[in-house]
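In the order they appear, the protein sequences are chains Z and B.
Take the first sequence: its position 247, counting from 1, is numbered 247 in the UniProt record's numbering, and each next residue is one higher.
Take the second sequence: its position 252, counting from 1, is numbered 252 in the UniProt record's numbering, and each next residue is one higher.
Rather than coming from a laboratory, the hints here were simulated on the basis of the structure.
Treat the hints with care, as some may be off.
Copies of one chain are not kept apart here, so a pair can be met inside one copy or by any two copies together.
What the hints assert, rightly or not - Derived lysine-lysine pairs resembling DSSO-like cross-links, with alpha carbons at most 27 Å apart:
no., residue 1, residue 2
1, Lys-20, Lys-255
2, Lys-322, Lys-264
3, Lys-264, Lys-20
4, Lys-255, Lys-100
5, Lys-100, Lys-322
Below, each chain spelled out in residue letters.
2 protein chains.
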Amino acid sequence: MHATLREIRKTPEGILTAQKAFEDFLTHHDFRLPREIVYTGCGSSHFLSQPLAMATTRLGGRGFSAPCSELLYSREWYPIGNPELLVAISRSGETTEAIKALDALNVPRFALTAYESGLSRKSDYALIVPAHEESVVMTHSFTAFYFAFLQLLLHSYGRETYDAELVSSLTKEVLGSEEYIREIVNGFDFRNVIFLGSGILYPVALEAMLKMKEMALFWSEAYPTFEVRHGFKSIADDGTLVVLLVDEPFEWHEKLTEEFQGQKARVLTVGRHDAGADYFIEVPELGPPANVVLYLPVIQLLAYYKAVERGLNPDRPRFLSKVVKW
Amino acid sequence: MHATLREIRKTPEGILTAQKAFEDFLTHHDFRLPREIVYTGCGSSHFLSQPLAMATTRLGGRGFSAPCSELLYSREWYPIGNPELLVAISRSGETTEAIKALDALNVPRFALTAYESGLSRKSDYALIVPAHEESVVMTHSFTAFYFAFLQLLLHSYGRETYDAELVSSLTKEVLGSEEYIREIVNGFDFRNVIFLGSGILYPVALEAMLKMKEMALFWSEAYPTFEVRHGFKSIADDGTLVVLLVDEPFEWHEKLTEEFQGQKARVLTVGRHDAGADYFIEVPELGPPANVVLYLPVIQLLAYYKAVERGLNPDRPRFLSKVVKW
Numbered sequence: 001m002h003a004t005l006r007e008i009r010k011t012p013e014g015i016l017t018a019q020k021a022f023e024d025f026l027t028h029h030d031f032r033l034p035r036e037i038v039y040t041g042c043g044s045s046h047f048l049s050q051p052l053a054m055a056t057t058r059l060g061g062r063g064f065s066a067p068c069s070e071l072l073y074s075r076e077w078y079p080i081g082n083p084e085l086l087v088a089i090s091r092s093g094e095t096t097e098a099i100k101a102l103d104a105l106n107v108p109r110f111a112l113t114a115y116e117s118g119l120s121r122k123s124d125y126a127l128i129v130p131a132h133e134e135s136v137v138m139t140h141s142f143t144a145f146y147f148a149f150l151q152l153l154l155h156s157y158g159r160e161t162y163d164a165e166l167v168s169s170l171t172k173e174v175l176g177s178e179e180y181i182r183e184i185v186n187g188f189d190f191r192n193v194i195f196l197g198s199g200i201l202y203p204v205a206l207e208a209m210l211k212m213k214e215m216a217l218f219w220s221e222a223y224p225t226f227e228v229r230h231g232f233k234s235i236a237d238d239g240t241l242v243v244l245l246v247d248e249p250f251e252w253h254e255k256l257t258e259e260f261q262g263q264k265a266r267v268l269t270v271g272r273h274d275a276g277a278d279y280f281i282e283v284p285e286l287g288p289p290a291n292v293v294l295y296l297p298v299i300q301l302l303a304y305y306k307a308v309e310r311g312l313n314p315d316r317p318r319f320l321s322k323v324v325k326w
Numbered sequence: 001m002h003a004t005l006r007e008i009r010k011t012p013e014g015i016l017t018a019q020k021a022f023e024d025f026l027t028h029h030d031f032r033l034p035r036e037i038v039y040t041g042c043g044s045s046h047f048l049s050q051p052l053a054m055a056t057t058r059l060g061g062r063g064f065s066a067p068c069s070e071l072l073y074s075r076e077w078y079p080i081g082n083p084e085l086l087v088a089i090s091r092s093g094e095t096t097e098a099i100k101a102l103d104a105l106n107v108p109r110f111a112l113t114a115y116e117s118g119l120s121r122k123s124d125y126a127l128i129v130p131a132h133e134e135s136v137v138m139t140h141s142f143t144a145f146y147f148a149f150l151q152l153l154l155h156s157y158g159r160e161t162y163d164a165e166l167v168s169s170l171t172k173e174v175l176g177s178e179e180y181i182r183e184i185v186n187g188f189d190f191r192n193v194i195f196l197g198s199g200i201l202y203p204v205a206l207e208a209m210l211k212m213k214e215m216a217l218f219w220s221e222a223y224p225t226f227e228v229r230h231g232f233k234s235i236a237d238d239g240t241l242v243v244l245l246v247d248e249p250f251e252w253h254e255k256l257t258e259e260f261q262g263q264k265a266r267v268l269t270v271g272r273h274d275a276g277a278d279y280f281i282e283v284p285e286l287g288p289p290a291n292v293v294l295y296l297p298v299i300q301l302l303a304y305y306k307a308v309e310r311g312l313n314p315d316r317p318r319f320l321s322k323v324v325k326w
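If we strip away everything but chain Z, and leave its shape as in the complex, we get (with noise of 0.2 Å):
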């Protein structure tokens, strides 16, 4: 069995994983994140910045996100204001640009990571999360370093924090759509992928199309759920799947799901009801902010089943390797 494909599977676990290191944190640290919080990564990580900055904003505070090569070369063009914290992310810690993104904002300076590294040792606060990984891309680390980091955000913003045993249980539940995912892959062969998703499930949809990219090399958009009506879909034909993520679809996503249906296009809803759609991947109910870990099994076992029906290792992406250094 593939490396990726184990180790999605194993994101139930991941969700453990996270809670025990968020209780390890507590434990060793007296220490609450503040209100301004700046968030960087690179790629995936910078992917799973933006949800982060997302919850922060939500919950009260005000979160920013930047890749770091823009916080190294061109933070000048950002409204990044007065944040007391820098998160910087990185599964393995030694991805050089987020190491020296920790330089690039004078404040305090938090590492989000799998290891004991050269981010965590460079940092004053370290939350390490071992959801460690064999394969190239990130799978079930990133939801589980969702997941540590969100249990955080919510202690100490004086929220009450999930129930991890109950959020491992419902991302099991949404791991049961592997072989139906299978067949919605081998019963279509589609040319191209738009993942959409508004608020914080607009990130995930961005997550999405990098996995297809890295896993299946395959022609894949996200945008912000209605922005695709403003010219992108134009690309959208016989050949296309449209993932919507979306929790609970109103009127105008069936709108949508007909637009793109007009054009010949399938649609895969997940969320909570189909809309319409020609195929639906029912996501159990948890709400915002955490919900974010229901989605992303399902969209990277999506681009696992891309690349192996196209005859790909998913282990190994051509071109790209484990830690991006220069």
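Keeping the supplied structure of chain Z fixed, place chain B upon it in accordance with the hints.
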């Protein structure tokens, strides 16, 4: 001749139209833009809202941008802050979501549009830039809107405005690369294209990506320059054109170019010098934030000629209409 080509070639004239609109606005209003501004738009207008927000931040204010639909349905996730003005952008002034978005924040409203319209009538202030277009896709009007509003920003913040005659003549110089752009497109039958830009050139890369999709129905991507190394570059091979938008390349741009060439992709640099690229289009010195207007005609011509080469009519993009309504 296609309307689209005629309109791209009208860029120098558009700059003068923009200058006149800016001056007319000053004649009729005793108004200065505030420091904290939220910008919104859909599609190309959203990609125009981004460099305007970035210019605002760079000039000492705080600019934030979001697509209209995200402001309407998911704004609780975004660090909007306490803006003093909402600027909504729509070429026609009749885009449903742009008009609705004016109600999203309870602050004074400013319309940036080409017509007296639903948008301008619902706003407290309107900068009307009559860079009218027949074609579905925005080309020289994007450039003209940007320049007119930039002048208003500079004026409002007590900075020197640009000499419109000079800027106009520089856009004419850039348009001189039209034949070279056609040769690139005809000489290299690329299968996908990746646009890269950092800071204020990142939204230009996004707009380039959208132009390619709208006109040429083509696989196009856009990333903050160095982000591309983190997973996305897996898709680049001997069928890929990488377009590097960069004012003043430095050492790492050369390394990035080599990395892509190592994957057999070809690189086109648009900037001050070639940085080892396969193709090079020189952009005259103007400096940020105005330099944006010199890159736009280049990326528009590239999309135009790709569409023509693919036998498509750039004036009539598939599935798209000039004004997007619900």
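Numbers of unmet hints, in rising order: 1, 3
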